[in-house]
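Peer 1: As a plain string of letters, each chain reads:
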Amino acid sequence: METHRDDTASKIGMWLFLLTEMLLFGGLFIVYSIYRYKNQEAFHQAAHELDVVVGTVNTAILLISSATVAMSISAIQLKNKKFALFLLGTTIVLGLVFLVNKYFEWGIKIQHHIYPGSEVMAQRGQGDILFFGLYYFMTGLHALHIIIGLVFIAVVFARIWNDKISHDNFALHENAGLYWHLVDLIWIFLFPLFYLIT
Amino acid sequence: MYSTTGIEASNFVSSFDTAFFSVIGISILLLVGITVLMLYFVFKYNRKKNKVAEHIEGNTKLEIIWTIIPTLLALGMFYFGWAGWHPMKNPPKDGITITTIARMWNFSYLYENGKQSAELVVPVGMPVKLKLISVDVLHSVFIPAFRVKEDIIPGREKIMWFIPQKAGVYDLYCAEYCGLQHSYMSSDLRAIPQEEFDKWYTDTTALASTVDESVPGAAGFVIMKTQGCNACHSSDGSKIIGPSYLGLWGKQHIVVRDGQDVLVTVDSAYIRKSIYEPNAEIVKGYQKGLMQSYDKVISEDDISKIIDYLKTLEE
Amino acid sequence: MENEKHHIVSYSTYLLILALLLVLTVVSVAVTQINLGTLTVTIALFIAGIKSALVLAIFMHLKFDNKMYAFMAIGVVLLIGIMIFITFLDYLYR
Amino acid sequence: MSSHSSSPEPSYIEYQGKYKGIFAWILSTDHKRIGMLYLYSIMTFFIIGAVLGLLMKFELIAPGKTVMEPQTYNAFFTLHGILMIFAVVIPGLPAVFGNFLLPIMIGAKDVAFPRLNLFSWYVYVLGIILVVISQFAGEGPPDTGWTFYAPYSFRTAGNMLPAVLGAFVLGFSSILTGLNFIVTMHRMRAPGMGWFKMPLFPWTLYGTAWIQLLATPVVGVTLLMVVAERTLNIGFFDPSLGGDPILYQHLFWIYSHPAVYIMILPAMGAISEIIPTFSRKSIFGYKFMVASTLAIAFVGYFVWGHHMFTSGMSGTALYTFSILTFLVAIPSAIKVFNWISTMHKGSIDMQTPFYWAMAFIFVFMVGGFTGLVLGSLAANVHLHNTHFVVAHFHFIVFGGTGFAFFAAMHYWFPKIYGRMYDTRWANTGLILFFIGFITLYMPMFYLGYMGMPRRYYDYDEVFHGGNIISSMGAWVLIAGVAVIIINLFRSAKHGPKAVADPWGGKTLEWTVPSPPPVENFEEIPTVTKGPYDYSQD
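Chains as they are written, first to last, in my numbering: chain A, 934 to 1131; chain B, 9 to 323; chain C, 431 to 524; chain D, 269 to 805.
Just so you know, the hints here were simulated from the structure itself, not pulled from any lab data. Accuracy of the hints is not assured; some may be wrong.
Okay, the calculated bits of chain D under chain B, using three or more residues with CB under 8 Å as the criterion [claimed, not checked]:
#1 333-343
#2 422-435
#3 589-595
#4 599-607
#5 725-732
Derived DEER-like restraints, expressed as beta-carbon distance ranges [stated by the list, open to error]:
#6 A:A1076 with D:T796: 51 to 61 Å
#7 B:R265 with D:A330: 37 to 47 Å
#8 C:I504 with D:V767: 47 to 57 Å
#9 A:D1096 with C:H437: 22 to 32 Å
#10 D:A330 with C:L475: 58 to 68 Å
#11 C:T468 with B:K233: 45 to 55 Å
Computed from a prediction, not measured in an experiment: that's the story for all the values here. Heads up, the beta-carbon is just placed ideally off N, CA and C, and yes, glycines get one too.
So here's chain A without its partners, still in its complex pose:
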């Protein structure tokens, strides 16, 4: 069977997939909003315990990485392969930095025995249990998406390197970009919901 290339089809497909991702997190936002409504004071206090500086830095990192990915798509269209590779490389590095930050942030919390099922958590209020449960679950799921996104971008990087992706054949590149932007988009909401609303 001859296979013909349909870039628009794969783009629609990618968008549809992004919509399912939005609803995946949408379900979690429903849970978050209900429990926040029911435990306003506890969420308020618990949010104080998260480090706003780390959160802000991570937000900036993701925003910059999102911009570099977007620019790399322009670069490939303008046939500037080296610059595209440089921008994608920057994105990957930034994504890794985000994960390292996340690792230390979680590590410190876990050192203080703040994690689901710990003795310390059991003694604290139910609102705290819910807040940190949601914190770990939602940022954890988000971090999982970062990892998937990084793998996706790494594949694109390799294919540009091998000239499999070029100025007239960059649908995969575009889709990787869309995925990475979605990860960014979700963080744009997670950041105020966990770090800022105090």
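Assemble chains B, C and D onto chain A, guided by the hints.
Peer 2: Frame of chain A; chains B, C and D shown alone:
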């Protein structure tokens, strides 16, 4: 179970009937009408008789008519449903409140004066409010004859209410799936005239009076029956959910404590611990997490009576 | 079924949007440090809304692509909104 | 293997590719072969699920223990639910007939992403494997019912994790199928086939695909939360940790109610194909049929709460959900009226698929009307969680989707296999199936009205009579299923050869040979007429 004459079992029967039969009535009419029409068309326009079909694309006027009429019908049905349900959400101020405690897999009832009962005894003609409490998972109080049902949510207190209107014994079922013995989780509801109820209610010595003190263990038996222990523990040696009482007292058996097998002797300290901290030690071969603590439900005094009863079951 | 034409967005546009996003982030951090009571939540989410709109429109090309994508994205956001609204009909009036 | 094919190209069945034997099927990206893979897997699980149901009806034939212990019974209805819902009815029409027919009906050579399509089937198989593991590994089979309601699903010792993950994975497969179909319909319609020249079955698949895409992730994340709850003690829905079990129900039904429309929409689509063909007449009110499909798909998202009328939602939520439930019935009513009107002044050829379609309309109406009873607040309080509900949703899910599945099977059978089945046996099967179905489920309405709760292993003597009749109905039903399946199975091998268009259908799948060649069309057709244009005849 269902009354066919005169007074209805509760104040909600007639509103249920209105909602139910209005929808059912209209539905049956439509169902029969449409089915007959379909059969008529199939018969009349059979290819054997009607060789050529007429070319019709549709008819907007018809479409609008059969959108609007069902919408109006549906709104009417909604109204009857709403009108019948609305009073259920608004319990009256007066009447008696009975705390209904649901656990896997029995109901027990606690009256305002501290009286406990395994069956729900209510006065005829008086609003009865049930304060619903679950100690473990979801349950649901369902009294078919009264046409009422309300789920019981652990961690949350809810109220359901009704006015019994006719004396009699009715079934009360658990209607939310709650595990192994779900279908056996039921109790009797006894609606009795006011005077009779007053006598029953004020007789706080009822437990003692129905028990023949001279029979050893009789009081313990009644206490355990009230708490529904026999839903999971037999007294004839058969294995249900938990160990049987037969020959339990003084027996040595292996329990799992913190993942370790330990040999224990069943004495009063063990019985006490099994009732207050049921999941600390699990008899080998049985499942953990199925029994809730009866701390503050069964008193120390009651436990000694239970032990007296267990002693009568030595093999 | 032709493939859609591609609009090449200039680097400077992206950099401008990035700057705007970073400024908005700083603003939202700054604003939420001041205690505004219940308004805090509203403002933080409002700024997050603007940021996400920028990401969707420029980074994700919704502004330049076939309107179908924008329609789908907005539809999904509305869908989640209605779901939260209906769920709250329960929790607000319990 | 016949070598005298009228078409120069080999059919999809005879085609010899790179791989031989079974690999030619399980490694094929041909949408038709993938559809057949789904057909055989779904039929297998349908038979397993039906046997479980039959055994449960054996248990219920008399009060007390009849054939099994309560633990076994609880595990049986859980597995029956998980298999029938997630592995049979949800993928049923879309994955089997959607895969096989959608590309042909819109004039395409395949779906948009053939390899993703095959991948979806593997994901489906993985989900099934997980469900099977849950039955045999660990502490014993899950016993929560297919709804996995919190907090019981955290308390039970049953082997929940594989079952919950299995449901999650099956959902993922469903999402991928939906995604594939939407892109296919957006990009691959034949030249000239505008949206409003598309047949109704693809249209219902389009509505279905959007539900699969947008509702499934919600239950996906909910099931992940249950997994986290059981493994990490997070406490999202456990009241002892501050969680709210009602919120679990909200999230669960946000998916699982629209899931009912995933099941019933393609069923309606199949019926909308059958009725015009055998009436030799255009479907009445095509645009209204399309509009009602989209209306059902849309409003269906917002009625989930009617599964929770007694769970303690606020009054406001209760009557909002009640009124929306009544409104979602309207588009279904419109469909019924249009089907009946299509028969009016037609030239009706009474063939097996048409009998199935008539039976569908009848049982679907019974299911729909009893749904109205349950949507009414005052009536629901009494009937909720009783056998009335069991009867209602079996009328919709088994009656609606099941009847439509067999209608579609008998309608497209000659296209799929290139052979014809034995009509007399097919009709005998239908009659047995119909009688058994009515006898099995009708008494349940009465039992529910009398107050017999669902998921009961044992019951009081008052419910005995209804249960005896119902259990006997199950035997007739199973006999009907056996006759139908054996007849189809035999005919697929030995039936007489079928022509390209045995029924006089007008949609594109009848223009290609039976069975269709690998590439479907030698040349992609150009569409000029509507899908059901009989005006020339």
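Peer 1: If a hint holds in the structure, say so; if it does not, say that too.
Peer 2: Do the hints match the structure? See the list:
Counting residues of the region 333-343 of chain D whose beta carbon lies closer than 8 Å to any beta carbon of chain B gives 3, which meets the minimum of three for the stated coverage. With 3 residues having a Cβ less than 8 Å from any Cβ of chain B, the region 422-435 of chain D passes the three-residue criterion, so the hint holds. By the rule of at least three residues with a Cβ nearer than 8 Å to a Cβ of chain B, the coverage given for the region 589-595 of chain D holds, with 4 such residues. Only residues whose C-beta sits within less than 8 Å of a C-beta in chain B count toward coverage, and the region 599-607 of chain D has 5 of them, enough to reach three; the restraint holds.
Beta-carbon proximity to chain B at under 8 Å applies to 5 residues in the region 725-732 of chain D; the threshold of 3 is reached and the given coverage holds. As the Cβ distance of A1076 of chain A to T796 of chain D is approximately 54 Å, the hint placing it in 51 to 61 Å holds. Taken as a hint, the range 37 to 47 Å holds for the pair R265 of chain B and A330 of chain D, whose Cβ atoms sit roughly 42 Å apart. Range check, I504 of chain C to V767 of chain D: Cβ separation about 49 Å, and the 47 to 57 Å hint holds.
Between D1096 of chain A and H437 of chain C the CB atoms are about 24 Å apart, so this pair conforms to the stated range of 22 to 32 Å. Take A330 of chain D and L475 of chain C: their Cβ atoms lie about 60 Å apart, and the range 58 to 68 Å holds. Checked against the hint of 45 to 55 Å, the pair T468 of chain C and K233 of chain B passes, with Cβ atoms roughly 54 Å apart.
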